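Asker: The residues making up each chain are set out below.
2 protein chains.
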Amino acid sequence: MKSLTINTPSCDSTIYCGNGAFAERTSLLKDKRLFIVTDSNVYRLYKSHIESAFGNSPVHVIPAGERSKNYRQLLNILSAMLKAGVTRSSIVVAFGGGVVGDIAGLAAALYMRGVHLVQIPTTLLSQVDSSVGGKTAVDFEGVKNIIGAFYQPSEVIVDPLFLRTLPRRELRCGLGEIIKYGALDEGIYKSLVKNKNKLFSEEFMEGITYDCIAHKAAVVCADERDTGGQRKTLNLGHTTGHAFELYYKRKSHGEFVLIGMYYEIYIAKKLGLCDTAYADILIDLIKRVIKNIPVYDDAQKAAQFAKFDKKNAEVSHISLIAPQSVGRSQEITLPAERYCALIAECSRSIKENIK
Amino acid sequence: MKSLTINTPSCDSTIYCGNGAFAERTSLLKDKRLFIVTDSNVYRLYKSHIESAFGNSPVHVIPAGERSKNYRQLLNILSAMLKAGVTRSSIVVAFGGGVVGDIAGLAAALYMRGVHLVQIPTTLLSQVDSSVGGKTAVDFEGVKNIIGAFYQPSEVIVDPLFLRTLPRRELRCGLGEIIKYGALDEGIYKSLVKNKNKLFSEEFMEGITYDCIAHKAAVVCADERDTGGQRKTLNLGHTTGHAFELYYKRKSHGEFVLIGMYYEIYIAKKLGLCDTAYADILIDLIKRVIKNIPVYDDAQKAAQFAKFDKKNAEVSHISLIAPQSVGRSQEITLPAERYCALIAECSRSIKENIK
Chain A
1 MKSLTINTPS CDSTIYCGNG AFAERTSLLK DKRLFIVTDS NVYRLYKSHI
51 ESAFGNSPVH VIPAGERSKN YRQLLNILSA MLKAGVTRSS IVVAFGGGVV
101 GDIAGLAAAL YMRGVHLVQI PTTLLSQVDS SVGGKTAVDF EGVKNIIGAF
151 YQPSEVIVDP LFLRTLPRRE LRCGLGEIIK YGALDEGIYK SLVKNKNKLF
201 SEEFMEGITY DCIAHKAAVV CADERDTGGQ RKTLNLGHTT GHAFELYYKR
251 KSHGEFVLIG MYYEIYIAKK LGLCDTAYAD ILIDLIKRVI KNIPVYDDAQ
301 KAAQFAKFDK KNAEVSHISL IAPQSVGRSQ EITLPAERYC ALIAECSRSI
351 KENIK
Chain B
1 MKSLTINTPS CDSTIYCGNG AFAERTSLLK DKRLFIVTDS NVYRLYKSHI
51 ESAFGNSPVH VIPAGERSKN YRQLLNILSA MLKAGVTRSS IVVAFGGGVV
101 GDIAGLAAAL YMRGVHLVQI PTTLLSQVDS SVGGKTAVDF EGVKNIIGAF
151 YQPSEVIVDP LFLRTLPRRE LRCGLGEIIK YGALDEGIYK SLVKNKNKLF
201 SEEFMEGITY DCIAHKAAVV CADERDTGGQ RKTLNLGHTT GHAFELYYKR
251 KSHGEFVLIG MYYEIYIAKK LGLCDTAYAD ILIDLIKRVI KNIPVYDDAQ
301 KAAQFAKFDK KNAEVSHISL IAPQSVGRSQ EITLPAERYC ALIAECSRSI
351 KENIK
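In order, the protein sequence lines correspond to chains A and B. The first sequence begins at 1 in our numbering and counts up by one. The second sequence begins at 1 in our numbering and counts up by one.
If we strip away everything but chain A, and leave its shape as in the complex, we get (with noise of 0.2 Å):
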């Protein structure tokens, strides 16, 4: 088990990584007051480690999926944590995927103004990501993650032990986080690269996860409430898997943030802001992961969607991250006329290839 932390102005926080770290650190909070917040999915498989994790602690189960994440779904956990007496030095405990993680954070960010939390991100994707740096939200009248706080666990345990049960669409979504990590930092691509046959290997995922973690970690460090552009860096592929994400609706987030990284990366092939043999293994990671990157029939209606991003705070201009070359990116903004109209080229190009 490895351990690093981040130390931001508001608080500390600690991140346990690997094999044991379930057992090993959940022993320690075995005699404190806590207040478990999970979802129906993982509670249905992990039912008797909560139980033999948290003793009689109270658990508050929401229904699994995406939907859940709304202000009625963070009220009920904040009636819950009121009926079942949690106080200032209660600890809410988030076991689950990005969901979970980000409205128990929420929640705990709220309820008396804060009280301590633990992240227990049970997918590859909250895992890798989510569960690291302290963004919490929910979704409000359409628009992603605009009810939120920046709130620090104060511990995050990340055990491999949980991936297993996980489907492979499940693990394509964490691998689209991790290709991200990939195209923003040297070491994390290097080791994509060398394993690149062996993705969906518990082994290459349990190690490259600690290495996700650490590069977020620095970037958290360095800008926690995403003001000095670092974090920005972390956005790669997700002005553009947002804006479909809004429009089509059908797949997942971190599925439409390995789409998003392919046209964005076509974008900066295009404009000849990346290095072209970089960007082609970049790609040929990604469909190692998503075998076909979908044709959108609307994809210039779709990018529209990308000015509805609250990351795109000006409205006739969009702000994205185009990969350079191994280890360094930058952040562009292009006319929204002709962002949309780079998407629809290459969602042509796309269809081209298939033909």
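Source of the hints: derived by calculation from the structure; they are not laboratory data. Careful: at least some of the hints might be erroneous.
Which copy is meant is left open, so a pair is good if it fits within one copy or across any two.
As the list claims (entries may be wrong) - Using 30 Å as the maximum straight-line C-alpha spacing, the simulated DSBU-like pairs for lysine-lysine come out as follows:
(1) Lys32 to Lys232
(2) Lys249 to Lys144
(3) Lys32 to Lys307
(4) Lys2 to Lys301
(5) Lys83 to Lys301
(6) Lys144 to Lys83
(7) Lys190 to Lys2
(8) Lys351 to Lys30
(9) Lys307 to Lys83
Quick caveat, the model's predicted, so the values are computed rather than measured.
Fit chain B to the given chain A structure using the hints.
Answerer: For chain B alone, coordinates are given in the frame of chain A:
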């Protein structure tokens, strides 16, 4: 106009205080992207000030009164912010009393995980207390301030201009908090004693407001998130005040703080923890603001509500801040039964004095 800056781990917050502060500071905001939150009373009284200071900026008006401090009004504000196209670089202006400051502050904290916030408190109570320090909250399921965040305003504009339209009852509420500061701070105490015959004069209130803010600012710098103990002292009068507020409901928060102080000074005196002559001077100050301390027919039952106050995590014991001597106070913890008995005893003593 005086100013002072609170440096906390999360951000810096500057308070501008004095005649002319509103005109001078808002002239610098005019060209920014603003979103104004106010209540129906303040809007009626100061519509022209709002229009001249903020031009065509969107204004969201909540119904006046404590009952607006709920999550529905919070969601209404967030929804209006979305519709108005509020972005990360926008500034939320909370223009009103404590309720407006608390709810608009929380909306600013949550929207996109935090946008800029300017507090313009218009009541004496919010000027001396709630607008400074970054506590934001709404009530939920009958529990006061249970959903909230620590979120520092980048700027607080305190102008006595707005005190002129305040009913005497509102001034009483603010003077309640001012006397609380008097029980914590030697300078404020001396000023109160010296001016005891003109507590309601504008001249006195303007000067003392800055002193109270300066006291609070020092406490907040030392203990932003209310974990170090220093900030707890600001709860003098609040344990009992909140308990009565929950049970009787008929008065406003500031009046209950005055009443709570009266009872808690009685307890401190009774237990021999407080210098008698000093206690009598504090009681005299309180009675100059609220002539008759109410006699509660069921003081013991009301006192049991202190258990529900979130500051009292251990329900078998009640904590309160007991004044000792000029500029000194201490936190004491009593068994709940003993506390209830003392409250009932104080209530009987008031009744006997009336006879």
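Asker: So which of the earlier hints does this model not fit?
Answerer: Structure breaks hints 4 and 8.
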